[in-house]
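Protein chains: 2
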Amino acid sequence: MTIDRRAMLKAGAAGIAGAAAGPVLAADPTSKLRPAVEAGHAAAVERLRQWIALPSIAAENRGYPEGPDYMRRLALDAGFQSAEIVPSSGKPGVFATLDAGAKKTLGIYFMYDVKQYDPKEWSSPPLEGRIVDKPGLGKAMVGRGAVNQKGPETTFLAALHAFKAAGVKLPVNLVLVAEGEEEIASPNFHEIVQTPRVAAALRKSVGVIIPTGWQNPATGAVTLALGAKGAMEFELTVSGEKWGRGPKGDIHSSEKARVDSPPWRLVAALSTLVSPDGNTVMIDGIQDKVVPLTPRQRELIAMTARATDETSTKKQLGVTRWIDDMDWEASLVRLAQVPTVNIQGLVAGYTGPGGKTVLPGRATAKIEMRLVPDMTIEDTLAKLRAHLDKRGFADVEINVSGGYGPTQTDEKSALIRAELATCERLGVPATLAPRLAGSWPGVIFTGPPLGLPAGQFGFGHGSGAHAPDEYFLIESTNPKVMGMKDATMGFVDFLYQVAATA
Amino acid sequence: MTIDRRAMLKAGAAGIAGAAAGPVLAADPTSKLRPAVEAGHAAAVERLRQWIALPSIAAENRGYPEGPDYMRRLALDAGFQSAEIVPSSGKPGVFATLDAGAKKTLGIYFMYDVKQYDPKEWSSPPLEGRIVDKPGLGKAMVGRGAVNQKGPETTFLAALHAFKAAGVKLPVNLVLVAEGEEEIASPNFHEIVQTPRVAAALRKSVGVIIPTGWQNPATGAVTLALGAKGAMEFELTVSGEKWGRGPKGDIHSSEKARVDSPPWRLVAALSTLVSPDGNTVMIDGIQDKVVPLTPRQRELIAMTARATDETSTKKQLGVTRWIDDMDWEASLVRLAQVPTVNIQGLVAGYTGPGGKTVLPGRATAKIEMRLVPDMTIEDTLAKLRAHLDKRGFADVEINVSGGYGPTQTDEKSALIRAELATCERLGVPATLAPRLAGSWPGVIFTGPPLGLPAGQFGFGHGSGAHAPDEYFLIESTNPKVMGMKDATMGFVDFLYQVAATA
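The listed protein sequences derive, respectively, from chains L and B.
Each residue of the first sequence is one higher than the last, beginning at 524 in our numbering.
Each residue of the second sequence is one higher than the last, beginning at 524 in our numbering.
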C-alpha cells in the first residue's frame, strides 16, 4: 500500500496566506532555546542517522519489535514522561505523554515505519544516512525515511530536546501516538488511537499534527491542508474457480470458442463502474454521499488557481490536456471535489513480450478509489458489492488491502490558526488547501469518535518519499528553505503559537 | 507467437474412420524396404539427436544460417536431387525436389525451427536428445523439437533413406518446402511458397503434408484434419502518448480526478469487441464472412461427439461448464464454427503484489482472434480498425505480431483419401476433423494462389510441444502406438497409397 503523501503538495489546491518569502529565525521567548537547538544540533543529526539505520517495514515484516521499542526510547529521551507500547491486530503503536502543566495539549502523530526500497537504485546505501551536497539546497542526509517521516519527526524531537536541555517548560502538554503501519495504509491504527487511555489523552488536545518538511524550494511556501480525500485500495478478481465457469487455470486459447473467459468478464464488470470516458463513478448510489464544495472551499481553490502555474504542472505530469479539456481552475476543483475509481494495474494471463495462446483462468484489476466527504470505506465497499451483485457479478471478488476515509479540518480551528500564525510570524508563505487529492490517515483523528482537527505541519525540506535517494535537508544554502536547526526553531515557535491561540 | 498445434488433437472435432486398433507393419511391395528401415534405424535416431542439438529459434534470432544449411543437407542426404536455400523477408526457407520419374508428386512441408525453452524446467538438457524410459510407452528421445517437429520429420526422412539404401525408386516424386519461422507464426512463409519455381513445383503435387506423430496412446487413433481455424495475434494498446490525453508515463493516482486514464480507455474499447458475456464477436461486419458449417461437417462433428468423452475433456481442461451450459456436441460445433476474440493477457501499470498508487500511462491487451472461412487476416484487420475508428478509438493501436487465415481441404481429395486408405490398411483408427480450433499455416498451400489440399499426417507418438521435456517415442512398448521404425514404414505405405489413389 502506497497512498503516499508525496503527491500532496502538487495535488492539493491552496489558498495563499502568510507574508513575504525567506525564512527567519523563530522566536525564543526565553532566549535559551535557540542556543540549546544549536548545541543539540549534532546530536539531533546523529539521532536521525541512527534511526534511518533501523528500518521498520510492515510489508516485509522487518524491524519489529525493534522499531516500536526504539520509538518508545526516542520519546522518553526527548522528555516524554511516559511512553508505552500499544498492541494492535497488526504492528504495535507507541503512546507517550508529556505533561508540562500547561493549559493546552497538542497531539502529535508519528509513523515509525518506512517504505520498502531497493538498494540497487540508490546512489548511497539507503540505511547509511550519508550527508551529500544538493546543489541549490545545501547539505542533505540521504536515506530511506529521511523525509517520510523520520527527518521531520527528528526535527520535532530536537525542539523537545532543546526545551529539556535549556530547562524550559513546554508551553503545551503533548500526547504522542505513533504507528508502524502507515506505509501499508494504517489498517490497525484506529485500534491504537481508540485504546481508551490513548483516546482519553488525545481528547484533551486542540488537535493533532504530523511533523513535515515540505517547503517549496522555489518559494519557501508550505501547504496547510484542511483535508484530504480518503482512499480505498482493492483488487477486483474474476477466476474460473470462483465463477464456476471458464477454466480453473490457463488453457489453450482455441478453447475460447466454447469456454467462458475470466478476462472478458473482468472487462464487463469494470465497464459498469465508471462512465465510458472513465471519469465519472457510476457505482449505484455512490454520488449520494458526495457533499459539494463550500463557497469558501471554491474561493480557496480559485486563489490557488491564480497563484499557481498550470503549464509547469502539466509538464511535470506529462499531461497535455485535463479531462474534457477543462481549464486550470476547473481541474483543481475536480481534484478536490470528485470521487474516483482508478485502475492502478491490470494483470491477466500472459504478460511477457509477444503473445501466448492461452485463455487465462483468472484476471485482476488493481483499483483504488478516492473518497470525498461524507463517503466512508464501509459504505463505499457495501455499495460496490451491491452494484456488482445486482449486475450478476456476485462471484467477482473484492479484496481490500487498505484505506481510510476522507479527512476534513475546520479552517477556523485553533490548530489551523496556530499554524497560520506561525507561518505569518516567520514570513513563510502558506497556502491553504481545502482538500488534498492524496490521502493520509487523518480521519482517524478527525472522524468519529474523536472529531479533532488534524493536519501536517512543519518547515524545512526533503524529497524522494518512496523513491530512491530520499533526502532531508540538514544545512540549507537556499534562502527560501530552512535547514534542520531553523525548522526545529519553527516547531518551538509553533508550540508557543498553539499555547497562545484561543 | 505460439499458435501451436499441440491443441489440435484435443481441440478438433472428428469423425471416425479406419478399422480396429493396434499398429501393424506397413506393406513393403519390394520386400527390401522393411530391412532397410531396420538397418537404417540407428542412423535415423542419431540424425534426430544431432538435429535436436542444433536449434533454430526465430524469436531469439538463434541458429541461422546453421538451421537452413542443415535442413538443406538433410534433404540432399535423404535423396533429394536438388535442395536450395530460398530467401524471404525473414528467415530463409529450403526448397528441395526429388524426381522419381513417377506420375504423381507429393508436397512435403517441414519446419526446421523450434520453440524457445528454459533449460531449468527440463529434467534432461533440452539439446541433448537423451533416451529415457516412458512408462506405458517405451523408450523416447527427450529434446526441444522432438515431436514439434523434428522427430516426425526425421521419421519421414528415414523412409526416404530406406528407399535409397534399398535401391528402390520412390512411387511418387517429392517437393519439399521448409521454413524456419513456424514458431513465430510463419510471417514470411508465403514468400517462400510463392517463389515462382517453388510454386510451380508444388502446383504439380496432389497436396502437401507435414509429418506428424500424434497417435493417441490410449486408442492408437490419429486425427485427419480437413481444416483449421486461422489465427491473428495482436496487441491493443492505449497510450497517453498516442491518445494526446492522459499521462505520458505513470503518474500519481490521485491525479485521476483530472487526468484521463489509458487503462479505462482500453476497457471501454475492449468492451465493444464482444457481447457482454465475451462469447460473440461484435466487430462490425465480422460475421458477414462466416460460412456456416455444411451438413457433412455437422455430421462428422456428431460422429465425434458420440465417439468421444465429454467428462474427461472437461476434467483435462479444468472446466465444469461450456458456454451457455451447452451440451457436448454443441460445444464441438462451436469449436469448429465460431470466430473468437480471446484475451491472452492484460498488462497495465503496476502488476506486482499489492497495490501502487499510479495512474498508468499505457495499457495493453494481448489478443488473438480465431478465424473461420471465409475470413482473412487482411479483411479482419481492416474491419477491426474501422470498428474502433467509428467509435472514436482511432488512437488505439493494433500491433499484429502474426497469423494466417483459416485452411480447408476437401474430404474427397486424393490426399485425404490416401491418408484414410493408409490408416485402414494399417488398422489405425482415424478420425476426420472438419475443422481444428487450433491453427497452422496450411492456408499458404490451400489458399490462393495454389489451392492445394494440405494436412498433417503420420504415425508414432510424442508430446510436450512448447513444454519442458518434449519427447518423441523411439521404441514403443505400447501396442496401440508405433515406434519410430513402424512409423517410418507408415510413411512408406503412405507414399504407395498416394501413388495408387486416383
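Accuracy of the hints is not assured; some may be wrong.
Below, in silico cross-link-like pairs of lysine to aspartate or glutamate (EDC-like), each with a Cα-Cα straight-line distance of 20 Å or less [unchecked claim]:
1) B:Lys771 / L:Glu764
2) L:Lys1003 / L:Asp656
3) B:Lys935 / B:Glu822
4) B:Lys771 / L:Asp656
5) L:Lys765 / B:Asp622
6) B:Lys913 / L:Glu833
7) B:Lys692 / B:Asp622
8) B:Lys765 / L:Asp656
9) L:Lys771 / B:Asp847
10) L:Lys838 / B:Glu764
11) B:Lys765 / L:Asp847
12) L:Lys771 / B:Glu947
13) B:Lys935 / B:Glu920
14) B:Lys771 / L:Glu833
15) L:Lys765 / B:Asp800
16) L:Lys657 / L:Glu644
17) B:Lys765 / L:Glu758
18) L:Lys771 / B:Asp800
19) L:Lys913 / B:Glu764
20) L:Lys837 / B:Glu764
21) L:Lys771 / B:Glu833
22) B:Lys837 / L:Glu764
23) B:Lys838 / L:Asp850
24) B:Lys838 / L:Asp847
25) B:Lys812 / B:Glu901
26) L:Lys765 / B:Asp848
27) L:Lys837 / L:Asp850
Worth flagging that the hints you see were computed from the coordinates, not collected in a lab.
These are the hints, each one checked on the structure:
1. B:Lys771 / L:Glu764: Given that 20 Å is the threshold and the Cα spacing comes to 37 Å, the pair is violated.
2. L:Lys1003 / L:Asp656: Holds, because 17 Å separates the two Cα atoms, which is no more than 20 Å.
3. B:Lys935 / B:Glu822: Holds - the C-alpha atoms of glutamate 822 of chain B and lysine 935 of chain B are around 15 Å apart, at most 20 Å.
4. B:Lys771 / L:Asp656: The hint is violated at about 31 Å.
5. L:Lys765 / B:Asp622: violated, 61 Å
6. B:Lys913 / L:Glu833: Violated, because 33 Å separates the two Cα atoms, which is more than 20 Å.
7. B:Lys692 / B:Asp622: With Cα atoms ~10 Å apart, lysine 692 of chain B and aspartate 622 of chain B stay inside 20 Å; holds.
8. B:Lys765 / L:Asp656: Distance of about 39 Å is beyond 20 Å: violated.
9. L:Lys771 / B:Asp847: holds, 17 Å
10. L:Lys838 / B:Glu764: Holds. Lysine 838 of chain L to glutamate 764 of chain B sits at ~13 Å (cutoff 20 Å).
11. B:Lys765 / L:Asp847: holds, 17 Å
12. L:Lys771 / B:Glu947: Outside the cut-off at roughly 39 Å; violated.
13. B:Lys935 / B:Glu920: violated, 43 Å
14. B:Lys771 / L:Glu833: Given pair lysine 771 of chain B, glutamate 833 of chain L holds - Cα atoms ~17 Å apart, limit 20 Å.
15. L:Lys765 / B:Asp800: Holds: lysine 765 of chain L and aspartate 800 of chain B sit about 16 Å apart, inside 20 Å.
16. L:Lys657 / L:Glu644: Holds, at about 18 Å.
17. B:Lys765 / L:Glu758: Not satisfied, since the Cα-Cα distance of roughly 28 Å exceeds 20 Å.
18. L:Lys771 / B:Asp800: holds, 18 Å
19. L:Lys913 / B:Glu764: violated, 37 Å
20. L:Lys837 / B:Glu764: holds, 14 Å
21. L:Lys771 / B:Glu833: Measuring from Cα to Cα gives roughly 17 Å; hence the hint holds.
22. B:Lys837 / L:Glu764: holds, 14 Å
23. B:Lys838 / L:Asp850: Not OK: lysine 838 of chain B and aspartate 850 of chain L at ~58 Å, beyond 20 Å, violated.
24. B:Lys838 / L:Asp847: violated, 50 Å
25. B:Lys812 / B:Glu901: Status holds; Cα separation ~12 Å.
26. L:Lys765 / B:Asp848: Satisfied, since the Cα-Cα distance of roughly 17 Å is no more than 20 Å.
27. L:Lys837 / L:Asp850: holds, 12 Å
Hint compliance for this structure: hints 1, 4, 5, 6, 8, 12, 13, 17, 19, 23, 24 are not met, and every other hint is.
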